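Hey, can you work out the whole structure from these sequences and the hints?
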Amino acid sequence: GAVVSQHPSRVICKSGTSVKIECRSLDFQATTMFWYRQFPKQSLMLMATSNEGSKATYEQGVEKDKFLINHASLTLSTLTVTSAHPEDSSFYICSALPGGENTIYFGEGSWLTVV
Amino acid sequence: AQSVTQLGSHVSVSEGALVLLRCNYSSSVPPYLFWYVQYPNQGLQLLLKYTTGATLVKGINGFEAEFKKSETSFHLTKPSAHMSDAAEYFCAVSGGVTGGGNKLTFGTGTQLKVEL
Chain A
1 GAVVSQHPSR VICKSGTSVK IECRSLDFQA TTMFWYRQFP KQSLMLMATS
51 NEGSKATYEQ GVEKDKFLIN HASLTLSTLT VTSAHPEDSS FYICSALPGG
101 ENTIYFGEGS WLTVV
Chain B
1 AQSVTQLGSH VSVSEGALVL LRCNYSSSVP PYLFWYVQYP NQGLQLLLKY
51 TTGATLVKGI NGFEAEFKKS ETSFHLTKPS AHMSDAAEYF CAVSGGVTGG
101 GNKLTFGTGT QLKVEL
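Chains as they are written, first to last, in my numbering: chain A, 1 to 115; chain B, 1 to 116.
In case anyone wonders, no lab produced these hints; they're calculated from the structure.
As the structure is a prediction and not an experimental result, all values here were calculated from the model.
Take the hints with a grain of salt, since some may be wrong.
In silico DSBU-like cross-links for lysine-lysine, where the CA-CA straight-line distance does not exceed 35 Å [what the hints assert, rightly or not]:
hint: 1; chain 1: B; residue 1: K69; chain 2: B; residue 2: K58
hint: 2; chain 1: A; residue 1: K41; chain 2: B; residue 2: K58
hint: 3; chain 1: B; residue 1: K49; chain 2: A; residue 2: K55
hint: 4; chain 1: B; residue 1: K113; chain 2: A; residue 2: K41
hint: 5; chain 1: B; residue 1: K69; chain 2: A; residue 2: K41
hint: 6; chain 1: A; residue 1: K64; chain 2: B; residue 2: K103
hint: 7; chain 1: A; residue 1: K41; chain 2: B; residue 2: K49
Dropping the structure here:
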């Protein structure tokens, strides 16, 4: 149980375009989902916290207009990188918190390459 | 506010030897502590966690960790390393139910190498 799935696992997009990454909790309802960014050989940096049906809370320094987060249902959150630039290339990982639990489960991650 | 320090960005052990990965934390509220493992190009898998109760927690793959409040530590150990244990390990802390919600703060990670 407690499986979190991300799609796509790898995506390449052209500079200036937008790309959407989906995060789904497959066997539980996630009241809260988190989006992280990880640069090679570095730790995870929290980008934002999203609660179903409300606006995401962004960490300091994260551009909310560039990284659009939607949490429209208890099993799906999406991260849209708008007007992507090469410096946005990174590994993006989502995680989800089942309602009433204290353990966060992570997706497999999504590699974004902007060319 | 919480923070995590993982001493040693790289640890190398021989197969069959003891694995010890160090983690110290700082938290203004009683912490929840976690260890995650990350294999190349993959997400994070939970190894074990401490929330309340018994301070020695056992996780998957033979790993365990002990919460020591007096030392603000949560070191990860495994008696005998296996080649398949080679991966990146992250220690994380959250504020638990008393503060900070369930937002995790991660350490910088420790790369474990297992040699024959």
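Going through the hints against the structure:
For the suggested pair B:K69 and B:K58, the alpha carbons sit about 17 Å apart, so the restraint of at most 35 Å is met. Among the hinted pairs, A:K41 with B:K58 is consistent with the structure: their alpha-carbon atoms are about 27 Å apart, no more than 35 Å. As the CA atoms of B:K49 and A:K55 are separated by approximately 29 Å, the hinted pair is consistent with the 35 Å bound. At most 35 Å may separate the alpha-carbon atoms for a hinted pair to count; B:K113 and A:K41 meet this at roughly 14 Å.
Note on B:K69 and A:K41: the hinted pairing holds, with a Cα-Cα distance of about 30 Å set against a maximum of 35 Å. Distance hint between A:K64 and B:K103 is fulfilled; the C-alpha atoms sit about 18 Å from each other, no more than 35 Å. For the given pair, A:K41 sits about 23 Å from B:K49 by alpha-carbon distance, which is consistent with the 35 Å threshold.
Of the numbered hints given earlier, the model fails none.
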